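Trainee: Listed below are the residues making up each chain.
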Amino acid sequence: MSEGKDRGGFYDTGWQPAGDVHRDEDGRPHDHPGLQEDVVLGVRASRALAMHELLVEKDVIGGHEVDDAIELWSTRVPSNGATLVAKAWSDPEFKARLLEHPKETVVESGFVPEHNADIIVLENTSTVQHMVVCTLCSCYPTALLGPPPDWYKSFSYRSRAVTEPRAVMSEFGLELEEDVEVRVVDSNSELRFLVLPRRPAGTEGWSEERLAALVTRDSMIGVSAPLSPDAVQN
Amino acid sequence: MPELLFSPGDRVLVRDETPPHHHRTPWYVKARRGIVLEFIGMYLDSETRAHGGSGLPELPMYRVEFDQTELWPEYAESPSDKLWVDLYEHWLERA
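Here the protein sequences come in this chain order: G and C.
18 is the number that numbering that gives the first Met the number 0 gives to position 19 of the first sequence; each next residue is one higher, with no gaps.
2 is the number that numbering that gives the first Met the number 0 gives to position 3 of the second sequence; each next residue is one higher, with no gaps.
None of these hints come from the bench; they were simulated from the model.
Among the hints, erroneous ones may be present.
To be verified - One-sided excerpt, in silico: chain G residues whose CB lies under 7 Å from chain C:
#1 Thr134
#2 Ser137
#3 Asp149
#4 Ser153
#5 Arg157
#6 Arg159
#7 Leu173
#8 Glu176
#9 Glu180
#10 Val181
#11 Val183
#12 Asp185
#13 Ser188
What the hints assert, rightly or not - Pairwise CB distance ranges (calculated):
#14 Met50/G with Leu55/C: 31 to 37 Å
#15 Glu73/C with Phe154/G: 16 to 22 Å
#16 Trp72/G with Arg48/C: 20 to 26 Å
#17 Thr68/C with Val111/G: 36 to 42 Å
All values derive from a computational prediction rather than experimental measurement.
Ideal Cβ placement from N, Cα and C applies to all residues, glycine included.
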């Protein structure tokens, strides 16, 4: 977070209440330069703002914590996982270490597992397809894939992923041969799973950067395959 | 490190219990038979942690594999399909 950034940065998105008075951690009111005075807050935004101010006032959180959390979340994106996958495709030693010591390798690569969670990397092969679900809630490797998509948290996915995984994959565009074993992994405990998809044919000699562009979020959840080389030509 | 009750390859049956407190054992594996793939480590007990407890002592957790046809008698996609889930030792008994 840059010095001098306004403490109310979270709210500098155009939904400030007109005439609202914000307070610093010491309780003194402070200004919000650049506020749009004419924006009317919706119910949820008003509630969030009120809760934020109360939490700061009661010393439950510091004035920067919401901004810091937003900053942290902005670093959790699917390209983190894609970087690891592309490196594993390119470097057999790295791949072996990623599969054998996943958490250490993830940390060495500069990523911070949420809640210090353990991470397991599941390798798809020509005979095995892994697919991750959390039937109890929405456990997900957010440090590597960002926040889970809404469908991952839906009741429909959480129930159908375990009862008819191939039908679900088919809806994502992945048709598997019957002799490929499907392993649905229910991520309901303290571990987070990342699927290492198969490297697409026709990518021999590609740089890690080009390869990473083929690695979609959904392919690292295991519901679909990476993009084909044609998809990113030119 | 306590003595582990199960080793890879052991056939296990998941206890068919519904305690009133939070637990992570999905209903669909209860009373089903699977195979221990591996001991994955000692983990805080989420069942006490969810209710204000410390979660200590840590408990052994295993990755258990089930045939999809064992979980869902009508499963029609492919007889070789599997499901993996991590379960605390106290949910397992020898099958």
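Trainee: Would you list, in rising numerical order, the hints stated earlier that this structure does not obey?
Mentor: 2, 3, 4, 5, 6, 7, 8
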